[in-house]
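K.L.:
Order-wise, the sequence lines are chains A and B.
The C-terminal residue of the first sequence carries number 238 in this note's numbering, and the numbering is unbroken.
The C-terminal residue of the second sequence carries number 1403 in this note's numbering, and the numbering is unbroken.
Some hints here could point you the wrong way.
Said to hold, decoys possible - Facing chain A, a subset of chain B residues (Cβ under 10 angstroms, in silico): (1) Thr-1005; (2) Ala-1006; (3) Leu-1389; (4) Arg-1393; (5) Asp-1395.
What the hints assert, rightly or not - Each computed DMTMM-like pair below joins lysine to aspartate or glutamate, with the alpha-carbon atoms no more than 25 angstroms apart: (6) A:Lys-99 / B:Glu-1403; (7) A:Lys-77 / B:Glu-1306; (8) B:Lys-1390 / A:Glu-11; (9) B:Lys-1248 / B:Asp-1218; (10) A:Lys-77 / B:Asp-1398; (11) B:Lys-1214 / B:Asp-1202; (12) A:Lys-99 / B:Asp-1395; (13) B:Lys-1390 / A:Glu-188.
Note that these hints are calculated values from the structure, not bench results.
Don't be surprised by glycine CBs; every beta carbon is placed ideally from N, CA and C.
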Amino acid sequence: MRVVIELADVEKTYDQDAEPVHALRGVSLRIHAGEFVTIRGSSGSGKSTLMNILGCLDRPTSGDYLLDGENVRQLTKTDLAYLRNRKLGFVFQGFNLLKRMNALENVEMPLVYAGMSDDERRERALAMLELVDLKHRAYHQPNQLSGGQQQRVAIARALVNQPQILFADEPTGNLDSKTGTEILQEFERLNRELGQTIVMVTHDPVVAERAPRQITVRDGVIASDINSMSVRMTACER
Amino acid sequence: MNLLTAFRIALNALVMHKGRSALTSLGIIIGTGAVISMVSAAGGARAKLDERLDNVGKTLIVIRAGARTQNGTLADIKPLTNEEATVLRKQLRLSTMGIAEVQATVRVAATRTRNCVTMVVGTSPDMKTVRNWVMQHGRFLTEDDLKKQAAICVIGQTVREKLFPDTPDPVGQVIRIDRLQLRVVGVTEPKGRSPIGGDQDDQIFLPLNTLQRKLVGDEALSMLLTSVDSVEKLDKCKEDITRILREKRRGRAGMEDFDVSSVQEMAEIAVVMTRTMQFLIGIIASISLVVGGIGIMNIMLVSVTERTREIGIRMAIGATPADILTQFLIEAILLSLLGGVIGITLGILAAVALARAANWPIFIDYSMVALSFAVSGGVGVFFGYYPALKASRLDPIDALRYE
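Next comes chain A alone, as it looks inside the complex (with noise of 0.2 angstroms):
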């Protein structure tokens, strides 16, 4: 299987007050294509820090990351903004989505940014609104739709561009259990459906447990490294 993230000894560094904050003290990791990964760590362990390194929002003080090849250290704000437009999709704890957009408007926002012909960017976000069972909510406001639509409608927009890896922080996080499992069933289905390389972001053991590799942040660095498929994986990779 390819490798589309390769973490190698990240570093990451906050000053604030002239005292540093170490976050991350040395991680290194791989996630293959098609693999499902949940970050587990409790508040303050440094995985909303690998988070945001991994999704290109922030660079590694030192050490290098390879996604999809590609080493983002060196990259500015620009070349990182144009590879979370087209290699990566966020869904977040808050949905995030855009008010005074309705769906269909909030979907198509990453394609604006690939510049997108108008015709082209209607056309397959509503083949992603499809795909998240939503098509018949393109035109309402994310007021009108429910918290777990509201996620769907999120997760379309993370996929509109067909990115290599999807990243969830806490999507469960502001859901009732019932809709959150949903939402992960949304999430598993991607995965095993389309082979969807997903990384998911969360603190509750429950909804860590029910992916196939578990990674847990403990102190900025990586405190155990669990993946059920790991014989298979390797026997693959041999």
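For chain A, the structure is supplied; the task is to place chain B on it using the hints.
P.N.:
What follows is chain B alone, placed relative to chain A:
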């Protein structure tokens, strides 16, 4: 992201806050509106003035008694005399169109059925050539009339309308001024208003000595008028007049107790005044455009803060810093241009209304309209850049976390 999409996003954002957008544009509206209406007003007034100067004739020279003091007023008046007029006429016979004496007095002129207050002017036949009067009916005054102190007069068009409304050609009719009976021998073609605003057709001309001896009873010329056949000859002619009169009056150079000025000079003063006015308008406009621009900057800064989360979301899904900069810059430019367009429209409307009210030609300077439009756009760029830059430099992680 293409520009058209950016434009659409910006327009949507502005439409979302209609009231706020309108208020923000107000500074620019006032600025451009003021420029357009004032420049148009100045242009219209100028055109009107030019028209009146042309009515009078730019080559006209006015000679008045009295020294010009430092602050420009006439004082210490020793009236011009018939003798001085004669001397000037003799010496300048070849270089001017003649010398016209003017002794004016305001009187009631009456026929058997009507009367009106008008300017009664004692003058010489030279008046016709100097002021370029064209006869509509009859003839102008002659040397013979002057010699005989004839009881005749030539009336202007306005006077004819007032005294003989039903008689297009009143030649031969009689007008009474005080106890003097005057026979009308001619009617002049209308000339319109002078730069000062006086109706040049509201006059009655009669021979100078008829007026002096039979009506007023003294000799005190209000002024002498002369003209030359081209503007280039004005200065030379003025010098000659000054020299002759100075010798006659035995005055010293620079201390003349008379004043020689040309209509051309008045026109030049008018040009200077117009320029000054335009300069002042420019200052007013600049100030209000700066104030308007600051208003736009202020509201854009508020907008950037309010929409921090939106910016974060847009960045997370792939907006580059340049995309964000463009979006907010276009918003500021649109606000500013919106103000510019509204201001220009209102300014033109005000200019038309003003022109109607003041009865001068409607004058709209389209280069000024284009300039105002461009400047308002420029204000948008200048004052919108900082907020837009601030937005584009936001950190996506912080922006996403912003509540």
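K.L.:
The structure should be examined with respect to each hint, and the outcome stated for every one.
P.N.:
Results for each hint:
no.	hint	in the structure
1	Thr-1005	6 angstroms, holds
2	Ala-1006	9 angstroms, holds
3	Leu-1389	13 angstroms, violated
4	Arg-1393	9 angstroms, holds
5	Asp-1395	8 angstroms, holds
6	A:Lys-99 / B:Glu-1403	14 angstroms, holds
7	A:Lys-77 / B:Glu-1306	23 angstroms, holds
8	B:Lys-1390 / A:Glu-11	28 angstroms, violated
9	B:Lys-1248 / B:Asp-1218	21 angstroms, holds
10	A:Lys-77 / B:Asp-1398	14 angstroms, holds
11	B:Lys-1214 / B:Asp-1202	21 angstroms, holds
12	A:Lys-99 / B:Asp-1395	21 angstroms, holds
13	B:Lys-1390 / A:Glu-188	40 angstroms, violated
In terms of the numbered hints stated before, the structure departs from hints 3, 8 and 13, listed from lowest to highest.
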